[in-house]
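Chain residues, written in single-letter form:
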Amino acid sequence: MSVAEKVLDILARIAETNEIQEDRDVPLFEWAVLDSLKAVELMIALSEEFGVEISPAEFERDLWATPNRIVAYVQSRLSA
Amino acid sequence: MGVRRGDRVGVCMRKSIDAIATIFGILKAGAAYVPLDPEVPAERNGYIVHNCRVGMVAMEDRFTAGLRKEIAALGAIPQLFTLDATGGGDALRGALQRDHVRSPPPVTETPMSAPTDLACVLYTSGSTGRPKGVMLSHQNATSFVDWCSDTFAPHADDRFSSHAPLHFDLSILDLYVSIKHGAALVLVSEEVGKDPLRLPPFIAEQRISIWYSTPSILGLMAQYGKLERYDDNALRHVLFAGEVFPVKHLRALQARCSSPRYFNLYGPTETNVCTFYEIPARIPTERTEPFPIGKACTHVQIRVINEQGEDVSAGSAGELCVAGPGVMQGYWDLPEQTARAVLVDASGQRWYNTGDIVVIDNDGNYVFQGRRDRMVKRRGYRVELAEIEVALYRHPAVEQAAVIAVADEAAGVRIKAFLSGRTGKRPSFLELKRFCAENLPIYMVPDHFTWRDALPTTSTGKVDYQRLQTVE
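Chain order of the listed sequences is A and B. Under my numbering, think of the first position of the first sequence as 1, with each following residue one higher. Under my numbering, think of the first position of the second sequence as 81, with each following residue one higher.
Possibly wrong hints are sitting among the right ones.
Unchecked claim - Capping the alpha-carbon separation at 27 angstroms, the derived lysine-lysine pairs in DSSO-like fashion look like this: (1) K149(B) - K328(B); (2) K95(B) - K542(B); (3) K260(B) - K108(B); (4) K95(B) - K260(B); (5) K306(B) - K328(B); (6) K496(B) - K542(B); (7) K95(B) - K38(A); (8) K260(B) - K38(A); (9) K38(A) - K108(B); (10) K457(B) - K38(A); (11) K38(A) - K306(B); (12) K6(A) - K38(A).
Since the hints were derived computationally from the structure, they do not count as laboratory data. For clarity, every value in this text was computed on a predicted model and none was experimentally measured.
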């Protein structure tokens, strides 16, 4: 499974919908698909899956706004 | 700007020195402020501005376009006083200077407000689908503030957090107890206030000594905030209100942040805080039951009544009612709703029925059992489930909508919407989320949507909410 697929799987689990795997430009926070609590759960799950510490201090709503941006962020952290 | 004693002025700004100064200016003019949450759909604020017959709105430029359009749709636009930003006060100063150049303000005597004059109107969720305005007088606020002085012994060296938004009644403690004692008020921005990792260092660095918020952010800090790193903080009181604080998280918080005293404060917007309970210094590990809401504050009287209006005996459940100077003046422009909520007894005393069911324990503390109706708390915000239903009904594909709340250990409460549709094509989960986010404050957007061919009904043809609760 690619990094993107793994990220989207985790996101789908936490957002409680598979639709974010199809629609990757959904504004997750604007549409209340994720809230602050779920954002923290997401970062912890991503940290555990990929073995990198993604801390909620890195969180910025713009960077994490959509499924695509989340995938891009994780990919950039992994290649850093 | 022509604001007179008795007027109402809307304030739509992010938390900032400009916003606080604006509020004090409004009060000084003898008017009442009507705080508008910048984060809700503009339509909601437009409704409030109109409903409250606000003469002027002081706002940030960034909110003007949306709000102006919504207000115009409903009728006349009040005077708008706009700031181009908010922050340390420069924007407000700039806006005032521009206004003074146009029309220098006359020197007037500061009007003295009467105790029963309105200080603010705070809007909360309404079961009819429209928010309702709670009218709070100066006396409502000062009687509460004086109780805080007696209970928490604040002093000029204290540094109070301002975490709650200005449209929340928690802010009454933050703004006015601090100023009464000449203490500092440390504004917490909306972004930092939601962040369990940035808050603990902020609290420590800012030397905040009195913290007041809803439990949810405290619970998040306890779980994710790495509090052990910030045990050198100045906290001496941690106050929380607005919803039940799960004991598991409260214990974890207290274990990692053990120097302050912890208080559970209870009271609806209609009365502000009316009972309180101090959490024991060490919470036993076996305890899972939430703590009591405690005993009556000295400035109010409490009764617990049954359906016939009689005081219940110890151990029996009843509805908590409050009397005294803390009780609101009423709901703005809703005399019938006010009359249903505030009952006058034989001696002429006004009692507010909270709709909260409590039991009195062996120590004389009130213990919260649940609600009489379909209102729940979500992140400290009041949510009338019926208000969510009204919004869902606006969706063209929705024929029937029933919303329930289910207790959840992690999130506190989960909101589930059950829908049945007219046509075959059902909107997706994301589409429904979007629709709700555009029509409701974000904390009212349901977590789940389930479609049914038809919703279960009772023998009288109403939606059978009990059955929906047991669905899994």
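Worksheet item: Which of the listed hints are broken here?
Response: Failing hints, ascending: 1, 2, 8, 9.
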